[in-house]
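Undergrad: With the hints in hand, could you dock these two chains into one complex?
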Amino acid sequence: MMRKSPFLLGIHAEPPRLLRPVLGILPIVVLVAAYLVVSHVRLQENPRDKLTPSVSQMVSAVKMMAFTRDNRTGTYLMWADTLSSLRRIAIGLGSAALVGLFLGLHMGMLPGMGVTLLPAMTFLSTVPPLAILPVLFIIFGVGELGKVMLIFIGGLFVITRDIYYATRRIPREQIVKALTLGASQFELIFQVVLPQIMPRLLVVVRLSLGAAWLFLIASEAIASTDGLGYRIFLVRRYLSMDIIIPYVLWITLLGFLMDSALRFIVNRRYPWYAAAQ
Amino acid sequence: MREMPDTNSLLVLEDVYKAYGAKVVLDNIDLIVNGGELCTVVGPSGCGKSTLLRLVLGQETPTLGRILINHKAVGYPCPDRGVVYQRYSLFPHLSVIQNVVLGKRLSAGIFERISRRQEFLDEAMYFLEKVRLAEHVDKYPHELSGGMQQRVALAQSLIMKPGILLMDEPFGALDPGTREEMQVFLLELWEEFGMTIFFVTHDLEEAVFLGTRILVLSQFYSDDRGDACAQRGARIVADYPLARRASSTVVKEQAEFGELIQKIRHEGFDPGFRQHVRLFNLVHDDSFQTLTEEEHNME
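Heads up: the sequence lines are chains A and B, in that order.
Position one of the first sequence corresponds to residue 47 (this note's numbering), numbered consecutively onward.
Position one of the second sequence corresponds to residue -6 (this note's numbering), numbered consecutively onward.
Next up, chain B with everything else stripped away, as it sits in the complex (with noise of 0.2 Å):
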């Protein structure tokens, strides 16, 4: 655990709160994503999980503190991060491949438009192919099964090799099985590519299995500011390096894998256990910690 972070990191969050009204949400987070990490976000449900994402997003902005992007501050949502949700990642209107080749058409002028047209479908094919959805290209969304349609997203979102890619419970709507196999399959793009992702999940299995990094963001925790009780925004309570698995979910049955879940579930999920700020597990190199005087008066 580091105090201040070099700010030469992919994706840097520092004293983010984020209120509504009267409602914290988010209570001081700090946070440093290097590139290539798959950094999973656990916690439990109405810990502002969606909203953190939303805020790197760009879709909302911070009460307080900053976020930088590539060392700067995060505007609007652009191409610089891709986005997957659970569900309304694609359009409707547009078919398979239409829906993949979408982000070079709108990144590009008229002109290129036109004249780079092959290049571009070229392109979404062989996004789609990775995908394995080539003999799907000219459905509508509609058309798919749930897993397929995120398939149709991943691809939708890989074409613009966005410096981070941020998925919301991609796979929160899928039945068990095709969960289990879209776990797999984003494991092997994310070694391909090299992507950089930042997953926010509410199934602690997934997020373990899936994380080279896991964070847990939880509002049951204590500090100094008085009436321990007290509902407070949820922080990043632990964050754990995980050991890069082969794909295979085999680990998941290793006892292993069930310990840290259960140590996970224990500290971020239990609204009987609420350790103090000083004390969380901030085990991650990455991880730094910046109290204000209030939260640890206790010297």
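In isolation and in its complexed conformation, chain A is listed as follows (with noise of 0.2 Å):
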């Protein structure tokens, strides 16, 4: 007789292929909809409300911070949010990259370095970069300098130890093959070495994109004068959740599509990665 297994429940259901999606975006839907439903009744009672604006009214929000060139500063609003925004993640991000790499690359492969700066870049990488926040805006200033550097510490020490370890967990018999082949210190380290790393720092500031954005709106939120996170936590002394909500849709959405990108590119360049994952 042949077994049959549950559409949905249990340890042994076996969803159908075609189900999949649905259920998949289901949840979704149903959110949307419970919102449309609570912000039609609310409007319904009072046209003046607030706090869950429709799809109309967000739309028309959108034009005016999008599509119109805004009096006082002559600029789109909302480009400009965005543009300032994913400078200071992509410059302080990027920097942590590239220090993080550095500094974990080094750390792995020579163990005086190793023994040396691990210990204080585990204590390091435990301190809450917000606690801190305070003590940058004072030393670098609440300027673009501040911004930048929280999202610099807030990366540099998890990429730091996450290199360190991906450069340990390389075989030693690798290292000793390349210097049967005749590598140099330098070539072993930036040719043999350096290159099987790098899809593994894709993948660090993959993850570390999410700590990135919350850095950068909570600075934003507490000191200054445009960007994303400014923007909604402006307007939220008007309880404008028409822009409030399109303005997160939208972090999300270029969260998404980083991550995206990130993804893409570990997968396309670095196939043999992907492979021994």
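Just so you know, these hints were derived from the structure itself, not from any lab.
Take the hints with a grain of salt, since some may be wrong.
Some chain B residues judged to face chain A by a derived CB distance under 8 Å, without partners named [stated by the list, open to error]: (1) Gly68; (2) Cys71; (3) Tyr78; (4) Leu99.
If you want the ones that stay clear, here's a sample from chain B, every Cβ over 10 Å from chain A, calculated [as the list claims (entries may be wrong)]: (5) Asn27; (6) Gly39; (7) Glu105; (8) Leu114; (9) Tyr119; (10) Glu136; (11) Gly139; (12) Met153; (13) Gly170; (14) Gln247; (15) His259; (16) Phe262; (17) Asn274.
Just so it is clear, the structure is predicted and the values come from calculations on it, not from any experiment.
All residues carry an ideal CB built from backbone N, CA and C; glycine is no exception.
TA: Right, dumping it as structure tokens:
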């Protein structure tokens, strides 16, 4: 007799292939529908309600923010905000990746450097970066540098440690093999080990993106004159949910796109890395 | 068996000890290997075969004693000695041809690397044809079968023309059919290129089939240092020359082949049989043994 697995329930369930995407999208549809219903009901009761704006209200808010030149600054606010925020993330996380790669690679390959720096790195990576935000603002000022430094420091120690461990995970056999093939110490580090670490660097940057966005929004909320985080905290004073919700969706989309792009690059440029995982 | 070596040989180990803390792994190893030999090393698991190979490679240093290659003390790993491991011999981020050409590139200067680029690639192709992988040059290691990966590893080492090629259980992870193929294949290459190979394996049949000489490394022996059953570091308890055979696996079925295997299994792999250091079967012409006084105060 044929065994029949249940559709959905229990550990033996085998959801039909066609049904899977439908099931996956279901919770999102439910959430959106629930919002639309609540919004509709509330606006029926009080058309001036600001907490749950309708879709058309959000669309016109986006039109105003993204496609109308702002009178005071003469820019399209949403694009200007996006640009400043992305620049901060790119500079902060990018430099953290570069410095972290350099430090982690050398700590992993040069035992003298490893034993000297690892305890300090371990200690520093446990300091919550947001707790030292005031310190950063005091030292580097509340301008661009302070915000970029927060993202930099928030990423640096995590990336350094990760790259260190990735370097250490390269089998000893490979190192010895490269030496028997005539590699100098310099060649070993930069031509044998570094290319193998590159995909891991992209992966750890990808995993650090979430934290980087958190630090970005936090620092923009506290002291800034532009940026996506600055904007949502600014319009919060006027309860402008019609701006906040599209902005949050936009930030989410940006994060998702960056994540996908990095994942795409890793799979595309380093097929051997994906195969080894 | 001789008392002292003339150190004119390719590889010389004299009074080599290796201990990790209080645990002695290798105990007074004496060994000479001459050029052209395919020297196999067998022994029970945990007897320190791989440790011995790492010492020769320069990956580790002996606690006592000296190791000479071409009359020079062994330093860090370098192109004098090639190596093929069971795994991790290939660089996962490089294609087959890049893996093979890597040694040439790393050993060359920056300008040479550019000016002789094509020459290096041609040489790599030559060796890839030798290992019969010419159609797979652009694949990555993860796209190859285990046997093919080991053939690339061989080409990768051969291109450097090392004085001695060290192999650490190179066929240990292959299925029996591929394994036998690779054994025959290795013999062909060994013959064609006149290589000197130091081949570590736990597979007795493989060792007897491949070698021109077999070394049996074992911790099961006795000497006059007291408490006969104490855990000793391993020594070379037997050393036989092996007849050169046609590279055919038919010999594996011959009675003589089986008898030698049985004999070695008894001498090296049986914890109950502990031969005295002075009675080891060190039959090979090159074998020698320097005993300390404590080890043989029988007289």
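Undergrad: Tell me the hint numbers this structure goes against, listed in increasing order.
TA: 1, 10, 12
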